[in-house]
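**Student:** In case you want the letters, here they are:
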Amino acid sequence: MKDTVDHELDIPLTDLIVCPQCDAAYHLQVPEVGEKAVCQRCNTVLIAPRRKAGLQIIALALGIFILLIGATFFPFLDIDAAGNKNSVSIVDAALAFANGPLIMLALVTAALIILIPLARVMLTLYVLVPIVLDMPPARHAMQAFRLSEALRPWSMAEIFVLGCAVALVKVADLATVGFGPAFWMFSALVVLIVAQESFMCKWSVWNSLEHPKKS
Amino acid sequence: MGIVACTRCTKAWPLGTPVCGRCGHKMVSRDFQSLQKVWAFWLVGLMCYIPANIYPMLKTKTLFQVEESTIIGGAVELAQHGAYGVSLIILVASVVIPLAKFWAIAYLAISVKTRLPAGNHSRQLMYEIVEYIGRWSMIDIFVVAILSSLVQLKTLATINPGPASMFFALSVIFTMLSAQAFDSRLIWDHEAKDRGPQQDV
Numbered sequence: 001m002k003d004t005v006d007h008e009l010d011i012p013l014t015d016l017i018v019c020p021q022c023d024a025a026y027h028l029q030v031p032e033v034g035e036k037a038v039c040q041r042c043n044t045v046l047i048a049p050r051r052k053a054g055l056q057i058i059a060l061a062l063g064i065f066i067l068l069i070g071a072t073f074f075p076f077l078d079i080d081a082a083g084n085k086n087s088v089s090i091v092d093a094a095l096a097f098a099n100g101p102l103i104m105l106a107l108v109t110a111a112l113i114i115l116i117p118l119a120r121v122m123l124t125l126y127v128l129v130p131i132v133l134d135m136p137p138a139r140h141a142m143q144a145f146r147l148s149e150a151l152r153p154w155s156m157a158e159i160f161v162l163g164c165a166v167a168l169v170k171v172a173d174l175a176t177v178g179f180g181p182a183f184w185m186f187s188a189l190v191v192l193i194v195a196q197e198s199f200m201c202k203w204s205v206w207n208s209l210e211h212p213k214k215s
Numbered sequence: 001m002g003i004v005a006c007t008r009c010t011k012a013w014p015l016g017t018p019v020c021g022r023c024g025h026k027m028v029s030r031d032f033q034s035l036q037k038v039w040a041f042w043l044v045g046l047m048c049y050i051p052a053n054i055y056p057m058l059k060t061k062t063l064f065q066v067e068e069s070t071i072i073g074g075a076v077e078l079a080q081h082g083a084y085g086v087s088l089i090i091l092v093a094s095v096v097i098p099l100a101k102f103w104a105i106a107y108l109a110i111s112v113k114t115r116l117p118a119g120n121h122s123r124q125l126m127y128e129i130v131e132y133i134g135r136w137s138m139i140d141i142f143v144v145a146i147l148s149s150l151v152q153l154k155t156l157a158t159i160n161p162g163p164a165s166m167f168f169a170l171s172v173i174f175t176m177l178s179a180q181a182f183d184s185r186l187i188w189d190h191e192a193k194d195r196g197p198q199q200d201v
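Sequence order for the protein chains is H and V.
Take 1 as the starting number for the first sequence in the numbering used here and just add one per residue.
Take 1 as the starting number for the second sequence in the numbering used here and just add one per residue.
Hint data in this document are derived by calculation from the structure and do not stem from the laboratory.
One thing to keep in mind: the hints can contain errors.
[Said to hold, decoys possible] In silico BS3-like cross-links for lysine-lysine, where the CA-CA straight-line distance does not exceed 30 Å:
#1 202/H with 52/H
#2 59/V with 113/V
#3 61/V with 202/H
#4 59/V with 85/H
#5 59/V with 202/H
#6 202/H with 36/H
#7 36/H with 26/V
#8 61/V with 85/H
#9 26/V with 37/V
#10 52/H with 36/H
#11 37/V with 113/V
Please construct the entire structure, taking both the sequences and the accompanying hints into account.
**Tutor:** Rendered as structure tokens:
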């Protein structure tokens, strides 16, 4: 990925890759597995293929899916103050705003911590499973992947985990607070989500959606 | 150079192609309305940030008293209890980061029009930091949600969300939209030999 394309262009457009951040154009050269193609101008990673990444991502996505469902309904914090006990699940936390005019906020909170991560996992599976099985891509797979990418900044599970820790310290002197099973599920979830993000090479996905292997 | 590239999937197309043929993303060589959108979202975000700091974020009812605390008030209270670490997290996430974000987005948007003393690389880095860190301001909303669902101990103590929580969430969402509307390719244009695509393209 050394040569920046000069102004008079005689290379077919399919052999070009353009940095999405700074619009520098390069002659496409797919790096070896384990290597990275990085934009020379702004250091954005353009291509970073990994061996068996598809299968790993699918495994991680399944794990995320199961943990997400579990973490939604199990209690994640319980509180005990002078005999008054209360334990809450993530659904309860999201619905904390459900009274009165804050109902919109309840919906937004639920979406950010449960629905959007869930949607992204399902879109990822929908897109990647056919590719890994060498089948033709699923219908509208490209739109699905694009939606999944657009939702990325709005998926806030990891922020919620840190929020839990802050809330815990806030009420620590008011009552005894303990972590429930869902908290540990959510913590594991965050690790899996980060791993999945770092394994995924977007360019490789686009490329295999565009040129599916004939089987 | 006569090409336009998809910012979603990096594929190049002949100039003037409206929609990416691979992924269906809308394409423009440069989004010249970008700055207008940035400023519009930026302003709404800033407008929401003011009531978010004036109104109470949390209403705490204990046996003897009802207490309403704003964002800064709550952090100061925590520090007085000795929880300096947590009060610092809250101050950074809900005061320092939002203010720095407003400043950074404004700086980037102005720097595209007039030359300011910051190189392309530092501006690109600034943009990436703003995009990455913006989401973390939501932490305060999640803390409020957790606290007000958890601390419902009948007569002993209850915590309920205050009106500031909604304004704060809106402020975070609008600044995120503002940062996303910024076309980072504009940063690099004056470096190109032809000074980048012009307005009429």
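**Student:** Take the hints in turn and mark each one as holding or not.
**Tutor:** Checked hints:
For the suggested pair residue 202/H and residue 52/H, the alpha carbons sit about 14 Å apart, so the restraint of at most 30 Å is met. The hinted pair formed by residue 59/V and residue 113/V fails the criterion: a straight-line CA distance of about 45 Å is larger than 30 Å. Our distance criterion of 30 Å between C-alpha atoms is broken by residue 61/V and residue 202/H, whose separation comes to about 50 Å. Distance hint between residue 59/V and residue 85/H is fulfilled; the C-alpha atoms sit about 20 Å from each other, no more than 30 Å.
Taking the CA atoms of residue 59/V and residue 202/H, the gap is about 45 Å. The hint is violated against a cut of 30 Å. Of the supplied pair hints, the one linking residue 202/H and residue 36/H holds, its CA atoms being roughly 12 Å apart against a limit of 30 Å. Under the criterion of a C-alpha separation no larger than 30 Å, the hint pairing residue 36/H with residue 26/V is consistent with the structure, at around 27 Å. Pair hint residue 61/V plus residue 85/H holds up; C-alpha atoms about 17 Å apart against a cutoff of 30 Å.
In summary, the hint linking residue 26/V to residue 37/V is supported, as the alpha carbons are separated by about 16 Å, within the 30 Å threshold. At most 30 Å may separate the alpha-carbon atoms for a hinted pair to count; residue 52/H and residue 36/H meet this at roughly 16 Å. A distance of roughly 15 Å separates the Cα atoms of residue 37/V and residue 113/V; the hinted pair therefore holds under the 30 Å criterion.
Hints 2, 3 and 5 from the earlier list are contradicted by this structure; the remaining hints agree with it.
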